[in-house]
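Colleague: If you want the building blocks of each chain, they are given just below.
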Amino acid sequence: MTEIYVVLIAMLAAAVVAIEVKDLLAAAVAMGMVGFSVAIAFILVQAPDLAIVQIVVEILTVVFFAAVILRTTHTDTTVGKRLKQELVFPAVVYGGFALLFMVLACRVFSELPAFGEPVMRVARDYIAIGLQQTGAANLVAAVILDFRAYDTLGEVVVLFTAVVGVLTVVRRLGRKADKKPEEK
Amino acid sequence: MRGMTSIVQTVAGLVAGMLFLYGCYITLHGHLTPGGGFAGGVIVAASFILMSLAFGSVEDSERSSYRFSSFFESLGGLLFLGVGLVGYFAGYAFLNNLWAMVGRPLHLVSGGIIPLANIAIGLKVGAGLWAIFLALGASQYVMKEGP
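Note that the protein sequences, when read in sequence, are chains A and B. Just so we're aligned, residue 1 is where the first sequence starts under our numbering, counting upward by one. Just so we're aligned, residue 185 is where the second sequence starts under our numbering, counting upward by one.
Excised from the complex, chain A in its bound form:
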């Protein structure tokens, strides 16, 4: 338990650093620290499948950010500016709403089962019959590709749509930039 609290406090500190620091490269590194702390938290609660994915995706994200920052600009122009007069009222409203939400959430969270003692209604059956029913030793693979294979099919479709969308958007922008000089 103590380790998880240490990791959570490190994540909060890194998140504050990522927002407040003026150098964008330092902000990207602090953001990477948040992501790797999430991976450590996954390992501490014994979810190695998620930890592997989190580590790899975090590495790629930080590399992307670093590559972009090294080719554009290092300085964050929005840090350190004073709050504008017309933004004070929305800030107060949002702060009040967040306070109200927290007060209400306290009552809801007190009803939840304690940390580390989950209610295992469906999972108990999966753990008991997983290997016999699917022949796969990794229970996570058994769940996502056998018991819940339709969910994975939907995920594959979502990923396909995302890739097609990104390629379409980028391609159209590139074409317009190519054509404009010819029209003028």
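It is possible that part of the hints are untrue.
[As the list claims (entries may be wrong)] Not the full set, but computed from the structure, chain A residues with beta-carbon under 8 Å of chain B:
#: 1; residue: Pro48
#: 2; residue: Asp49
#: 3; residue: Phe65
#: 4; residue: Ala67
#: 5; residue: Asp151
#: 6; residue: Leu153
#: 7; residue: Gly154
[Stated by the list, open to error] Label-pair ranges, simulated between beta-carbon atoms:
#: 8; chain 1: B; residue 1: Leu290; chain 2: A; residue 2: Phe109; range: 36 to 46 Å
#: 9; chain 1: A; residue 1: Gln133; chain 2: B; residue 2: Gly275; range: 38 to 48 Å
#: 10; chain 1: A; residue 1: Tyr150; chain 2: B; residue 2: Gly275; range: 13 to 23 Å
If you're looking for bench data, these hints aren't it; they were derived computationally from the structure. The beta-carbon is built from N, C-alpha and C at its ideal position, and this holds for glycine as well.
With chain A's structure known, arrange chain B on it following the hints.
Modeller: Then chain B, alone, in the frame of chain A:
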């Protein structure tokens, strides 16, 4: 995209092959050990991205690898659907697992359609990420040719 210094290029050349093999291992052993198609596919894509960042790339190679990645992305999606149809044509529901027919549990060849689906997802995720990286990082070369 321009490449990096010769130190980075040497280390990337040594590491990228091992990264690729590790991604294949994670994908193929997804039904036995932690990992699976998504994690393995991302690692494979990371090995390609490492080579591209270290060595840079010229217009022709980017165009061909863009075609290659979009082909494998579609192939992965169709392969997953095909794996699902196997259960359908064998007389059960769509995406039904035929695990009892081949292999023994706890061995590499086991788990019915689960390893095949892992391979399909690995292909799809790896090629998809690589295509997105090419599109975002090298759009000035790849996207010039319109349909």
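Colleague: Any of the earlier hints contradicted here, and which numbers?
Modeller: The structure breaks hints 3, 5, 7 and 9; every other hint is satisfied.
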